[in-house]
Every structure is written in structure tokens, then in C-alpha cells.
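Asker: Assemble chain B onto chain A, guided by the hints.
Now for the letters of each chain:
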Amino acid sequence: MKFGVVVFPGSNCDHDAYHVVSKHVGQPVDFIWHKETDLSAYDAILIPGGFSYGDYLRAGALARFSPVMTALKDFAAKGKFVFGICNGFQILCEAGLLPGALMRNADLHFICKHVHVRVENGDTPYTSESEKGRVLSLPVAHAEGNYFCDEVTLNDLEENGQIVFRYCDPDGELNASSNPNGALSSIAGICNKEGNVLGMMPHPERACEELLGSNDGRDIFRSLTKAIEAAV
Amino acid sequence: MKAKVYVTLKPSVLDPQGKAIHHSVELLGYQSISDIRQGKYFEIALDPALSEAEARQSAEQIAKDVLANPVIEDYRVEIAS
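These protein sequence lines are chains A and B, in that order. Mind the numbering: the first sequence is residues 11 to 242 in this note's numbering, read in order. Mind the numbering: the second sequence is residues 15 to 95 in this note's numbering, read in order.
Don't take every hint at face value.
[Claimed, not checked] No more than 27 Å apart at the CA atoms, straight line, and that leaves these computed lysine-lysine pairs for DSSO-like:
(1) 203(A) <-> 12(A)
(2) 45(A) <-> 78(B)
(3) 12(A) <-> 45(A)
(4) 12(A) <-> 90(A)
(5) 33(A) <-> 90(A)
(6) 123(A) <-> 33(B)
(7) 78(B) <-> 203(A)
(8) 33(A) <-> 123(A)
(9) 24(B) <-> 78(B)
(10) 203(A) <-> 88(A)
(11) 142(A) <-> 236(A)
(12) 33(B) <-> 83(A)
In short, the hints are calculated from the structure, not lab data.
Chain A extracted, bound-state conformation:
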């Protein structure tokens, strides 16, 4: 089993992702420069957080044209695992690997704090070690995390179980005050129809050790590891 962490100019959570895979998942992992075009050695690719291309034009908009993205689309089409976190989620939406878009936070603030998210689907490769309704404490750090899509897409997401995480309060209730960025339907993370591509705004890779205030993120990486084992 081998993981890769894609590094774009401006990625800055690449080392966090690498650290979690090597230390907590305990699997080999490489940094992959965005000019790479061959991903055949990998079972899962992480698209880390940061500010790829300085967030110029729109967050994630220019990273979509990096050479690695063509290989990544083939990789995803083969059913292999692609996990975008924060800027990684924005990039996957811009690249069309996930539906919708991430807009400026409703209150215009850069939000950097721990939030609660509720697992909405416990049957994805990323949540099998969790269960539906479980509340996770994870940090967010973004200015463009306000998820938006049209009504038809939202219905599709709902019907196909593609809404994987929603912002909630500590008791798992959804309300306006537990939605940090104004995201449509409190959406914090979604997957594609097949379930192998996941994008989320919160940072599970920053929540894998008690010292950092939460280790709820480990369940997501544990689930992914199990899914890769089953697929390999």
C-alpha cells in the first residue's frame, strides 16, 4: 500500500498529511510534485490544504491545470482513492472530480477553529470505521469554505448518500450557529457517486493526536486504509 501527497506551489499542509500517513497510518508515502504525470505506483492520493497558486483567480482554479491533474483524473476513474482536504477539496471541485464550488465564507472572515461535524454516511471508504450520526471534532482553517451547488445537484448528493459530513453542534444538531461558513445544507464534505473521491473542508490530518486537541481524524485515515486493503 502506498500513499502520495501532491505538492502544488503554495500547498502548506502537505507535511501534515505526510506526517499522519507515515506516523499514524504507518504506510509508505511520497511527496508528489505537481508536474508528475505517472501515479501508477500509488493506491491513494492526498490533495493537501494550502493556497495553491496563491488562490489566484479562485481557490483551486489554477491548480486544476497542473500536469498531475490529468493523471489524477485517470487515477480516480480507475476507482483508486483521491482525498482532498481544504484547498484539496476546492481543487477537486474546480477540476470537476466533485460537483459544486467553494465560495467565500458568508461572513467574509478567515475561520480558524475547531468545529464539529456529523458523519452523514458511514458506508463510504472514508467513514467505515465511524458510523452515521457520530460527531467528530476537527479543525477548520479557510476563507473559501462556503459550499454551493444548484438544487438538482443537491438532490442528487442527498439521494446518493454523497454528503459525507455536515457541520453540527457538539450534540450533532444542525443549526445556523454551527455552520461556520454559510455552506449550503451545512455541507462540510462530499464524495463522488462511486465513493472513491472525497473532499472536505475540515482538516482530519490535524486531528490525529491528543496533543492537538482531538484525534477524531484518525477514524477517517483508518477507514481509508481498510478500504485500500480491501481493494488491493
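Answerer: Frame of chain A; chain B shown alone:
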């Protein structure tokens, strides 16, 4: 040949930046402003040998593929010689 591309948020999409700007404008004393929406403006220099139709086609394609995100934004192209 120059193409001017205007990218704006779709009318159905909230524009918190526009709202904040509107608020500041009101603080300046302009009370008759009902709304401000923020957008982006691009100038694309094109080969002068292109016809207007060709220039428009290129600029439209660039706007659609790169400059605007069709999920949340509309675009408008103007060609100036």
C-alpha cells in the same frame, strides 16, 4: 484586438463581498444605492490578424474554461479592436 471579459456571480448566488462594499458606501453617505455586486474584469490581448468572430470564440472559450466557474458565475465578452 482586445477582448474584455466580465465575470459576475450568478444572480441567485449571495455576494457577501458586494454586501460589505455596499455597507461601506452607505457609511459614506450614499443612501440611494440599492445593491452592489462585485465581479472580475479581464483584458485579453489577441492576435490582430484574427477576425472579430474568431476573437470572440477564443475569448468565450477562455472565459468558460478558466476565468469563470460556471457553477457560481456568469461571464460576458466584449471585443474591442
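Asker: All hints, please: hold or fail.
Answerer: Hints, verified against the model:
1. 203(A) <-> 12(A): Holds: residue 203(A) and residue 12(A) sit about 24 Å apart, inside 27 Å.
2. 45(A) <-> 78(B): Holds: residue 45(A) and residue 78(B) sit about 24 Å apart, inside 27 Å.
3. 12(A) <-> 45(A): holds (19 Å)
4. 12(A) <-> 90(A): holds (11 Å)
5. 33(A) <-> 90(A): Cα-Cα ~22 Å, so holds.
6. 123(A) <-> 33(B): Cα-Cα ~25 Å, so holds.
7. 78(B) <-> 203(A): holds (25 Å)
8. 33(A) <-> 123(A): It holds: about 24 Å lies between the C-alpha atoms, which stays within 27 Å.
9. 24(B) <-> 78(B): holds (14 Å)
10. 203(A) <-> 88(A): Since the Cα atoms of residue 203(A) and residue 88(A) sit roughly 13 Å apart, the hinted pair holds (cutoff 27 Å).
11. 142(A) <-> 236(A): The hint holds at about 18 Å.
12. 33(B) <-> 83(A): Status violated; Cα separation ~37 Å.
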